[in-house]
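For this one, chain A is given, so just place chain B on it according to the hints.
Number of protein chains: 2
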Amino acid sequence: MNKQILLASRPTGFPEESNFQLVEKPLPRPGEGEFLVGASYLSVDPYMRGRMNAARSYADPVKIGDVMTGGVVGKVLESRHASYAAGEYVVGQFGWQQYAVSNGAGVRKVDPSVAPISTSLGVLGMPGLTAYFGLLEVCTPKAGETVVVSGAAGAVGSYVGQIAKIKGCRAVGIAGDDEKVQWIKNELGYDAAFNYKTETDYRAALKARCPNGIDVYFDNVGGPITDAVFSLINSRARIGICGQIALYNLEKPDMGPRLLQQILVKQAKVEGFLVFQFASLIGMGLRDLTEWVKSGQLKYREDIAEGIENAPRAFFSMLRGGNRGKQLVRISEL
Amino acid sequence: MNKQILLASRPTGFPEESNFQLVEKPLPRPGEGEFLVGASYLSVDPYMRGRMNAARSYADPVKIGDVMTGGVVGKVLESRHASYAAGEYVVGQFGWQQYAVSNGAGVRKVDPSVAPISTSLGVLGMPGLTAYFGLLEVCTPKAGETVVVSGAAGAVGSYVGQIAKIKGCRAVGIAGDDEKVQWIKNELGYDAAFNYKTETDYRAALKARCPNGIDVYFDNVGGPITDAVFSLINSRARIGICGQIALYNLEKPDMGPRLLQQILVKQAKVEGFLVFQFASLIGMGLRDLTEWVKSGQLKYREDIAEGIENAPRAFFSMLRGGNRGKQLVRISEL
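Those protein sequence lines, which keep their order, are chains A and B.
The opening position of the first sequence corresponds to residue 372 in our numbering, with each subsequent residue numbered one higher.
The opening position of the second sequence corresponds to residue 372 in our numbering, with each subsequent residue numbered one higher.
Among the clues, some could well be false.
The list treats identical chains as interchangeable, and a pair is accepted whether it falls inside one copy or across any two copies.
[Stated by the list, open to error] Restricting the straight-line Cα-Cα distance to at most 27 Å, the calculated cross-link-like pairs of lysine-lysine (BS3-like) are:
# : residue 1 : residue 2
1 : Lys556    : Lys513
2 : Lys578    : Lys623
3 : Lys538    : Lys640
4 : Lys640    : Lys536
Think of the hints as simulated: they come from the structure by calculation, not from any bench.
Looking at chain A on its own, in the form it has when it is part of the complex (with noise of 0.2 Å):
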């Protein structure tokens, strides 16, 4: 059998178990083309919550009865697909289920003797590469730049911060609380970082932390704390927008302050990015996060749920900023 969770209702603010729904189906079989997969881990990220709602964003909402969309690598188990073989792994996006039929499309291989298969959701698969992309093609950082990151204990900006201290940047970090503050500054290297629910001033905990200005901005939270950065940068700042996660579970529209004209005053750039942008530069970036993550330059942590029956409690845990490195689902041994 086949367990599933499915979306059973659409949240209004955050999300709760009843918007799940698990459910058992018969194990399903591949066709001419198609190839069976044995979920080994299923990432649960920040994006997710977007695709619960009803509209549109930059990708079509989950219908309701549907599989919950997500990242997954597992094993190939039986195949009947020319480029795929029982015993290969691979990372697609195959959903919270246990086992998928697949034909190939959007989907890779990964090597198991590169690094534990699960980093293919995390520091070698879509979070790497959105840190990677959107930190040195969409921000373009050069050394001796400060470069601040929010959400900089999380999945991607674990990453980023990393990434700027590689090319010879200041990182100043933003995270959720102390131990994570501990953890990118003593283990990840960046410069300096603070806990936002204990400071009040976030413009103050800033400047003390960016004595020469704010060059480049890695966004994944948005809100007050992007206020703040935002008040702080430096002529032809560079600032690239990855996440909003304070506004995704928020039911009406957030008011802020008006932004456009810090902007111009800076002539600052702001460029919100997806990773399927560089769609065409994957191996490049693999290549690089590889080597770094070989070389002990990149590190990772990975906080891993037991069972699909919990996906939906680490998604949960995941937007409250509960988990220590990325998030992910252990489905199955395989």
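Same frame as chain A, but now just chain B:
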């Protein structure tokens, strides 16, 4: 004697006559390596409002008691500078005064046989170049795309729509009275336009005029008009922030809907720019603009106030949108 207008005090909110002081000073004399300019026309522009504030924006504020800053075209009356001869016309930041001494820094010669010298402050000057570089270099419109322009009947905006048409785009303008709306549609070739002072639902007004969404937005005004535009941008939209005149006279920072989530979802790029960024390209810009003016593809009109005494009133009128085309002040018939 040299009549000058000084900054007498800093405005709170909309500026008043009392913020300026008219004085008469002795005629300045050029030293070695300098020349004396007699002003023909003074340009009054939105950016001047920012220079009246104490806070530094992209340039230093005008000091209390200093001559107000401003672009002027005039005639060289006397020269002790090897590169400038009496009788030549020059444009430069000579300020709100009848006469100025210059060493040539930031000065450009004007050929009166190409076009009336007043155009060196408008379509063939800073506003024309702002439109040209802001649209073509920052917003990179492609033929067939929809370009929305706010402040579309202002000096810069009136050129932007015409350049968009030259490049094969659909141009949609937003202006502040019916005469301006008719002018930009009937004379300048905007495909559609509306009066934001009589429209109550900006989003609906835009949606009706932009059936294929908005690919490029050239923003001169900010505020609720801009909020409405953001709600209709297409994927990979490019937004050039040239001005935020709706905010310049506010006494406290304005709040508005947060826009970064929309920037993210649409993978849009928002960039603030100043014409000075493109200094190295001015030759190319003036060449194209001049050709388009000569061919009749790029039209302009001027609103000329008489006498330096009227500069403050012309400035206030321009800030309120009372001008019909580029607002100038005739200083003398030189």
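Hints and how they fare:
no.	hint	in the structure
1	Lys556 with Lys513	within (21 Å within a copy, 45 Å between copies)
2	Lys578 with Lys623	between (31 Å within a copy, 22 Å between copies)
3	Lys538 with Lys640	both (20 Å within a copy, 24 Å between copies)
4	Lys640 with Lys536	both (22 Å within a copy, 26 Å between copies)
Checked against the numbered hints above, the structure breaks none of them.
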